[in-house]
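S.K.: Spelled out, the chains give:
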Amino acid sequence: MGLAAYCAKRLLVGLAMVVCVQVIIFLAIQVVPGDPVEAMMSETAGVGPEVIEALRQQFGLDKPIPVRLLDHIVGLFRLDLGTSLQYNQSAFAIITSRLAVSIELVVLAAFFGIVGGIFFGSLSVRTRWGDRLISVCGPFILSVPGYVLGSVLILALSLTLGWLPAGGMAPFSDPLAHMQRLVLPVITLALPIAATIAKVTRFEILEVRTQDWVRTSRAYGFPTKVTFRRDILRNALTPVLTISALELGGLIGATVLVEKVFNLPGLGSLLVSAVGIRDYALIQGAVFVISTFYIIINIAADIMYGFLDPRVSKR
Amino acid sequence: MKRYILPLLAITLIVFAVAGPVLVSADPIKQNIVARFAPIGTPGHLLGTDNFGRDVLARIAAGARVELFTALLSTLIALTAGVVIGVTAAYSQGLTEGVLMRLVDVMLSIPPLILALLVVASLGPSVLTLIGVLALLFTPGFARVAYGQTLSVRSRPFIQAAVIYGAPRRAIVFGQILPNIAAPLLAQASLTIASAILVGSGLGYLGLGIRPPMPSWGGMVADGQRYLGSHPMLMIVPGVFVVSTILVFSVLGDVLRTLWDPRERGGR
Amino acid sequence: MGLRRRTFLGLATAMGVAALTGSNSELALARDSGKTLTFGLSANVGNLVYGPSRGAAQFIVNQQLHRGLVKFDENGRIVPALAESFEAVDPSTYRFTLRDGLTFHDGSPITSATVKASLDYLANRSVGAAIYAALSTLASIETPDARTVVIKLSKPNASFLDYLADPNAGISPASALASGAANWIGAGPFKLQANDSGVSLTLAKADTYYDKDNVALAGIKFIYYPDSTARTNALIAGDVQMIDFVGWEDFDRVEADKKLVLDAVPGPFVYMLFNTERAPFDNPKVRQAVAHAINRENVVAAAFYGHGTPLNGIPVSPGNDRFDPKMGELWTYDPDKARALLASAGVAEGLKVSLLTSSTYSFFRDMALSVQADLQAVGIEAELDAPDWPTYTASKNSGKYGLAVAGGAPSVTGPVYLQAYVVGAPASSFGSYGYNASDIVAHIQAGEALSNDAAARAEYMKAVDIIRDAVPFLPVAQRSQAFARSNTVEGFKNLPGFLSITGTGYMLEKTSIR
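Residue numbers (the UniProt record's numbering), protein chains in the order written: chain A, 1 to 315; chain B, 1 to 268; chain C, 1 to 514.
In isolation and in its complexed conformation, chain A is listed as follows (with noise of 0.2 angstroms):
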């Protein structure tokens, strides 16, 4: 089996994945308790059975499971997931505009957590007060939740010093209040990618250096700096690299505690704020495109390793 087929067989049961995760999701939520129309209007006077039947029709939640599942399955192949009971909108439309944030946030997180991690990674090899610092403070920030930390964040620099807004989004339009706000959020959810990394680091550092080639460079006589980053980081951070791909793709969509604390509109609460008034098209939707991004860095993640190692397209 040549590559392509390889590439052709993952994608297709990447396919039927996205398609098995649908259809669970769909089936949970017709066994949790709990009806959209009696939750929408939970708040209006006098609402008896007769008006929630009513309204149930009009919204087609009369009609068998089997029949919406197809209907929703269907929908799905055309890139339509529906209309938000909530909302009154496409499914889609909001869902995009979440994900823009929830991207936005988890790719600035991502990368200076990476970068910080590799750079505290490497400094913990070489020096002792780096080495200190990481086995201190990696496990440290690792323990604490991610809702505390922000919520300190939140105390300490914007409601006490005044520095930062202590919330919210601010369009791409006006870039300074758009960054401003974004600094605390990424800070939070930095941190401990941070300290994964740098774990990571210091542990494949620490391999690569056992290695025939660097005894071999160190043999030759190249300054300890020359070899530690030609032949020891370099070597190093290939594996650093395929792991942040996959916590990448794991965190789009797990940022909802960061969320709510910065009041960030995010597709993490966006998904709570559907559960909790059982906006089915909304809940699918979001699980759709969280799942979808999982399993689609994961595949691309097997193919490089089929690509690098041919004897896994072999079995």
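Since the hints were made in silico from the structure, they are not lab data. Note that the Cβ used here is the ideal one computed from N, Cα and C, for glycine as well. It is possible that some hints are incorrect.
Chain B is nowhere near these chain C residues, computed Cβ spacing over 10 angstroms in every case [what the hints assert, rightly or not]:
1. V89
2. L177
3. L192
4. N298
5. T360
6. A368
7. A386
8. T511
Each computed DSS-like pair below joins lysine-lysine, with the alpha-carbon atoms no more than 30 angstroms apart [stated by the list, open to error]:
9. C:K155 - C:K462
10. C:K212 - C:K116
11. C:K400 - B:K30
12. C:K285 - C:K337
13. C:K259 - C:K221
14. C:K152 - C:K493
15. C:K326 - C:K285
16. C:K352 - C:K285
17. C:K221 - A:K63
18. C:K221 - C:K258
19. C:K212 - C:K510
20. C:K337 - B:K30
21. C:K212 - C:K493
22. B:K30 - C:K462
23. B:K30 - C:K352
Position chains B and C against the provided structure of chain A, taking the given hints into account.
M.R.: Okay, now just chains B and C, sitting in the frame of chain A:
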């Protein structure tokens, strides 16, 4: 001596969880609204009281039990389920392997948040729900580790030899494979306990934690966050316990992994 | 407030004319270079539909975009809005005269036919309109000419004008009168400029508004802050100039800041529901026992951080002549009496019941915890069931509970509001499951039909007497409802009582920024 510190701390925490309610006499759910928001060091309330006037120390002690019980039990369930899935997949190969591991992939591609939201929405917040959610979230991770490890152990000469000599499958799995994959799984388990406490706390912040009035550290941090501006100690005190527990278990996991993986042992 | 309703009707015409002549135009000129108010709103309002109520945040937005025939003024009185005058021809017939030259934001005219179409739509049962209770007795709407609307009811309704001032009773164009249709174009002081889904809503002053000369702001930008702590943080950090629904634990933080103003009033109430179809709460004595077992002071302290008022009877609107002060004194906190009642009802010590609340709102959960402790003190073990909002709603509507915590924000200030709370579920989703309130409703209806306040009061009191003994629902506390704003924001006032939710939004058109 230094190498015993972490396991000792972990054991201390577990002992505190088991014996805590005996050591602290106050009732963790007894309300006394008049005495609410008592500061740290108030006579009778060493760590102060919360918004219901409940003794924070008593809640920490009772919460330790809930917290560690939830984390340990969910990790144990996830470990067992993950090992069954991973070892079966790696050992059987063929269709079973494909189906099982794709199922694990599907589980991993469902956002953890929606899993938690849907399960809690249908069952309501409670200790059992939380254990179920956490076990569900961590099973795929264990399955992957068990799968990878079994694959590599399987190809080793002594297992191949056992297969050739016609040793029963059960004997090979229990006698050869499981003992050889135990170390990395144990390390993963220790890290998972830490994650379970972290994730449990986050779920508490979203109102998806355990059924009140039962205390949990994560829930106390989440509740305390509301009073961060006026009574910061309500978040800081349980926060210290959460962070230090996670710290102990995650560092313990790292240490275990180093012990098992000789590559890391050489150190600097 | 003595001027309310009928006594006030005669004056309305004169007032409407005074408003038209623009006696304030000099003042308006001085403020002409208006500014845009940045408002941190407590919920997402990404979608407006015509008719149903979707909560307090939606009311505030509705009141900027839409306008009905009448509205509430800063004293909580009903004043002309799209109608320049109104009168009660007889107790069940109202005549409204529309202002001249009214148009919607898109320029299309508003005539008596537009008004009739809107009200007819809201009177349709399946729309689920917030003011359906008032329109259920609609007999006919006549439009003798383009500016006159005559509404005839099948029986007198003393609160009819209150309903017409409701935030969900604005007049909307024909395009909004369909289920699921968007309802962004209205006749209110501000028009929609941008709807950034999930982030913000930008409104600009509407030139089509009949009273545009008195609108000081150039626009309002609503930014959504669903998390209460984040909302207060945004105000303190200066990201927004005003917020609604200040979290109770944040009152002190806002008050400590000299640049901020906290405007808190006793607002909506919290109450308990009973499943009256199942033992033990099918027995009125057990319900009475609960009424005496709950320490309301503790609920206020625990759930509202002390910012609220305990209720020992039904919530009474300030200054409304149709309430008798005695209606607020029905039950007292008396655990001994509660225990005696339980004993006489034959309920054994250690009775186990389920207590339904919702994890979505922390005050719901905290109130349930406080009640749980009180019940334990009289020998009832209440186990908490705290699911999210939709599951809570479903359980409440289908009777899957013993006791339940609930919140109420009536849209009318008169005693008629009680009807939605005494009528049992499933007929009314606000009431106790399975309760039959026909006797109470009969007295309330009789009171509504009377135009004499004293006579009506006596009739309502009969209804309240039944409530005292039967306890169809149990009010526990009135919570403090607060807006907070920068001290540069002027001319705003939080209306007290139920109007804090339904009337305060009308104050934004008179708000200005220094």
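S.K.: If a hint holds in the structure, say so; if it doesn't, say that too.
M.R.: Hint check:
Every beta carbon of chain B lies more than 10 angstroms from that of C:V89, the smallest distance being close to 52 angstroms; the non-interface claim holds. No beta-carbon of chain B is positioned within 10 angstroms of the beta-carbon of C:L177; the least distance is around 35 angstroms. Every beta carbon of chain B lies more than 10 angstroms from that of C:L192, the smallest distance being close to 32 angstroms; the non-interface claim holds. The beta carbon of C:N298 sits about 4 angstroms from the closest Cβ of chain B, which is not more than 10 angstroms, so the claim that it is off the interface is violated.
Annotated as non-interface, C:T360 brings its C-beta within 10 angstroms of a C-beta of chain B; the closest such distance is 6 angstroms. Not every Cβ of chain B is farther than 10 angstroms from the Cβ of C:A368; the closest lies at roughly 8 angstroms, contradicting the non-interface assignment. Its beta-carbon lying about 6 angstroms from the closest one in chain B, C:A386 breaks the requirement of being farther than 10 angstroms from that chain. Non-interface status of C:T511 relative to chain B is upheld: no Cβ of that chain comes within 10 angstroms, the nearest being about 27 angstroms off.
Distance check on the hinted pair: C:K155 and C:K462 sit about 20 angstroms apart at the alpha-carbon level, within 30 angstroms; holds. Taking the CA atoms of C:K212 and C:K116, the gap is near 25 angstroms; set against the 30 angstroms cutoff, the hint holds. With a C-alpha separation of about 28 angstroms, the suggested pairing of C:K400 with B:K30 holds against the 30 angstroms cut-off. About 11 angstroms separates the Cα atoms of C:K285 and C:K337, which keeps this hinted pair within 30 angstroms; it holds.
In summary, the hint linking C:K259 to C:K221 is supported, as the alpha carbons are separated by about 21 angstroms, within the 30 angstroms threshold. Distance restraint check for C:K152 and C:K493: the Cα-Cα separation of roughly 34 angstroms exceeds the 30 angstroms cut-off, and the hinted pair is therefore not satisfied. Only pairs whose Cα atoms come within 30 angstroms are accepted, and C:K326 paired with C:K285 is accepted, the gap being roughly 21 angstroms. For a cut-off of 30 angstroms, the pair hint linking C:K352 to C:K285 stands: about 17 angstroms separates their Cα positions.
With a C-alpha separation of about 40 angstroms, the suggested pair C:K221 and A:K63 falls outside the 30 angstroms cut-off, and the hint is violated. Taken as a hint, the C:K221 and C:K258 pair is honoured in the structure, with Cα atoms around 24 angstroms apart against an allowance of 30 angstroms. With a CA separation close to 10 angstroms, the supplied pair C:K212 and C:K510 stays within the 30 angstroms bound. For the suggested pair C:K337 and B:K30, the alpha carbons sit about 22 angstroms apart, so the restraint of at most 30 angstroms is met.
For the hint linking C:K212 to C:K493, the alpha-carbon distance of about 20 angstroms falls within 30 angstroms, and the restraint holds. Under the criterion of a C-alpha separation no larger than 30 angstroms, the hint pairing B:K30 with C:K462 is inconsistent with the structure, at around 40 angstroms. Among the hinted pairs, B:K30 with C:K352 is consistent with the structure: their alpha-carbon atoms are about 18 angstroms apart, no more than 30 angstroms.
In summary, the structure is inconsistent with hints 4, 5, 6, 7, 14, 17, 22 from the numbered list given earlier, while agreeing with the others.
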